[in-house]
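Peer 1: In case you want the letters, here they are:
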Amino acid sequence: MSKNNRVYVYKGFERFWHWNQALLIFVLAFTGFEIHSSYDFFGFETAVKIHNYAAWGFIILIVFAIFWHVTTGEWKQYIPTTKNLKAQAEFYLFGIFRNAPHPTKKTLISKLNPLQRLVYLGLKVLFIPIMVVSGLLFMFYRYPQGDSIAIINIDNLEIIALVHTAGAFVLLAFVLVHLYLITTGHTITSNLKAMITGWEDLEEEDQKDQDQPIGKPENEHDENPKI
Amino acid sequence: MKSYTKPITFFLAIVAPLLIVTLVLREPEPDHELLNALRAKYAVKRKPGVDHSKFEILQKNFTNPHEITAACLSCHTERGEELMNSAHFTWEREAFIPGRGVTYLGKKNLVNNFCTGVQSNEGSCMKCHAGYGWNDKSFDFSNPYNIDCVVCHDNTGTYEKASGAAGYPKMGPEGPDFKAIVASVGQPKSAGCGTCHFGGGGGNNVKHGDLELGLLTGGRDVDVHMAVDGLNMNCVDCHTAENHKMKGRYYAVSSSNTQRLNCEDCHTETPHQQNILNEHSIKVACQTCHIPVYAKVNATKMYWDWATATRKKDGKEFEVLDEDGNIVYTSIKGDFVWDKMVKPEYLWFNGTADHHLLTDKVDTSQNILKINTLFGEYRDRDSKIIPVKVHRGRQPYDAENLTIIQAKLWDKDKGKGALWLDLDWERSIEEGMAYIPLPYSGKHSFIKTEMFMPVNHMVSPAAEAVTCKECHTRDNGRLAGLTDFYMPGRDRNRTLDLAGQLLLILSFLGIVVHSAIRALSSRKHNTIQSH
Ligand code: HEM
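Quick note, the sequences are listed as chains A and B, same order. Just so we're aligned, residue 38 is where the first sequence starts under the working numbering, counting upward by one. Just so we're aligned, residue 23 is where the second sequence starts under the working numbering, counting upward by one.
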């Protein structure tokens, strides 16, 4: 095993963004499913209010996050790759039970393993936009006679609501699995600690890695086929 | 630098959500600007510009009410013509009804779900006609002296039409004091309107449910507008008239979307602080949320079964009362069901209606005959959800000609076929149908009927308005009957919900199994290592 090195992986904004997004998605899901009449907690009226405010908070956060991703080039972390994808899946399905090492090395320039890249990219470009767009339609659609925004005069809420609900289920399932996968780092809590403090013990990196452009996946698997 | 970013981030992370929460829980300051303006406007009670007691022409000792009308019209020269063109006098309105063309319908010729109809019963029913002497078809609608001015304009509260006198008051010493009444005349008072509009159907609140004597003495809990502890408004404050045509429609007799009186006329279409409530007004009438119950003071009739009429006990007609003193059975009318504090039913309504005419065929394949039909649906831009009282019952129809029947119910004397005096269905039907005249096969049966009456009065204080959850709820919400649209909180796609739940369950199971294997295998590893 290579030597461990304490690295500042998650910058301040990144953590702020991550935890607020977590909280907002939790609040949105919790109030959303109350609006959906899955249970009674706040009462319908309050649930709608909270859901609406949280939705705006979420949208503002997303705007900042996009800005951050673009300006820092961090968006490249999400470029999907097939390299190691199978190995990573095999790790979660089998390797992890045998204490096998993570097939993908986590480095500053490539924080995400290929599965994470794929899933997070899906969230960012598909599911979260679906929720935001269908949610905004939910807020701003008008019946034909409302005509303040003529372009989204929609006769029936049903399609919007069904898309929004379907997306909500997917997000919720993601959150569930995500919460569990936190525990699959080097140690059970290392991922959690990293996202809280920003610091994580990563395997020693070669100098050349530092020069590698952000997002380029590190692949040490070929060199260490030891699973 | 790093030592600063940490606490700042931490602070933001904690404070941002808190800010959101406080924003959410903050109630907006209520803005009563518009309401206060309306209050100020209606707090000023109208003072008449003339004192009719000072007019010489009104100092006469009137012996006959036509003379009163003549005296009125001698100054108000054009008002007679106006009134003769108003529904209070004609009891019909010109209206276009799809499929029928231009129709002349109204109380004059329609059937309702209470005392059924006026034809052949005019002597009694015309107690509520703004005229004198409508005894039968020979009544002269073009004679202005047949107008009864004082029935509405009396301000003493003592003018009263006699029973069974076709709209005439009693006359002579037993009659009302015409001189005092004429001296008092002015804008109609609510109690005067109520004489007919509260008492329709044969007693207080029988018919409408939201129009009754309780409005005259009730507080804000009964009706915020007419509340004695509030603005104490009069009927005519809202039901304004131009040339004797009043605003406001009652769709058991009206058909077209004109001359309506809407809450929005005063309150605007966006009266709420919260935008989300204002948006509701595109599809939901104000009344739907703001009249959570009607018949708040006295019970109203919900069901009238004519089929059980004419029963006798020991050879005599009889009555049964409930514990509140409401008649629940009478031989002359059949069975009644009364109710108080009634939750309305809800319908889409666009302001147009149709009516089942005496000449229309009864569709016996439908279990229920709709006496009137309120048009509207979700997709219709003019439709809003409104609260209605649905009055149900059973009425006689011609079992062979398949038409609804107008029976003769009333007469001055026994033996002339009036159901209420002779208790003989066959004879009363023959007499009634012959009067119109319409054919009758000689065979009658009874059919279930429904009549739809929009509820517009008995507006509750805002705090008692229907809450979100009463409609946005999975089962048995107030709008459970309106299924032609998607409503959050009520509707869902079952398949989608099942699939979603399955996804969550599978994810959860996956986690459980995965973590169990992890736990087991790590123990194994540990034991191997310790060997
Ligand atoms: C920016 C993002 C979002 C916006 C703008 C938004 C907006 C809305 C709005 C306006 C409603 C309708 C409330 C009403 O009936 O008045 C709604 C319902 C709902 N929302 Fe969201 N929402 C967002 C994100 C989310 C997220 C992230 C979730 C869950 C993870 C979620 C779950 C739900 C659910 C389950 C419903 C109920 C749908 C139904 O039963 O018809 N929403 N949302």
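Hints listed in this document are in silico derivations from the structure and should not be mistaken for laboratory results. As the structure is a computational prediction, the values presented were derived from the model and not from experiment. C-beta: ideal position from N, C-alpha, C; glycine also. Treat the hints with care, as some may be off.
Partial pick of chain A residues on the chain B-facing surface, computed with a CB cut under 7 Å [what the hints assert, rightly or not]:
| id | residue |
| --- | --- |
| 1 | Ile72 |
| 2 | Ile99 |
| 3 | Ala102 |
| 4 | Leu194 |
| 5 | Ala203 |
| 6 | Phe206 |
| 7 | Ala210 |
| 8 | Leu213 |
| 9 | Tyr217 |
Selected chain B positions facing chain A (in silico; Cβ < 8 Å) [what the hints assert, rightly or not]:
| id | residue |
| --- | --- |
| 10 | Lys438 |
| 11 | Thr495 |
| 12 | Leu526 |
Peer 1: Could you run down the list of hints and mark each one as holding or not?
Peer 2: Okay, the hints, checked on the actual structure:
Evaluation of the Ile72(A) hint against chain B yields a held restraint, the C-beta minimum of about 6 Å falling below 7 Å. For Ile99(A), the interface hint is violated, the least distance from its beta-carbon to any beta-carbon of chain B being 14 Å, above 7 Å. At its closest, the beta carbon of Ala102(A) sits 13 Å from a beta carbon of chain B; the interface hint therefore is violated under the 7 Å criterion. With a cut of 7 Å, the hint placing Leu194(A) at the interface with chain B holds, because the nearest CB-to-CB distance is about 5 Å.
Annotation: Ala203(A) was flagged as interfacial toward chain B, and the flag holds, the nearest CB pair being 6 Å apart, inside 7 Å. Restraint check, Phe206(A) versus chain B: the minimum CB separation of about 3 Å is within 7 Å; hint holds. For Ala210(A), the interface hint holds, since its Cβ comes within 7 Å of a Cβ in chain B; the closest pair sits about 5 Å apart. With a least beta-carbon distance of about 5 Å to chain B, the hint placing Leu213(A) at the interface is held under the 7 Å criterion.
The restraint placing Tyr217(A) at the interface with chain B holds, with a minimum CB-CB distance near 4 Å, inside the 7 Å limit. With its C-beta approaching chain A no nearer than about 55 Å, Lys438(B) sits outside the 8 Å limit, and its interface hint is violated. Because the closest C-beta pair between Thr495(B) and chain A is about 6 Å apart, less than 8 Å, the hint holds. Interface restraint check for Leu526(B): the shortest CB-CB distance to chain A comes to about 6 Å, inside 8 Å, so the restraint holds.
Hints 2, 3, 10 from the earlier list are contradicted by this structure; the remaining hints agree with it.
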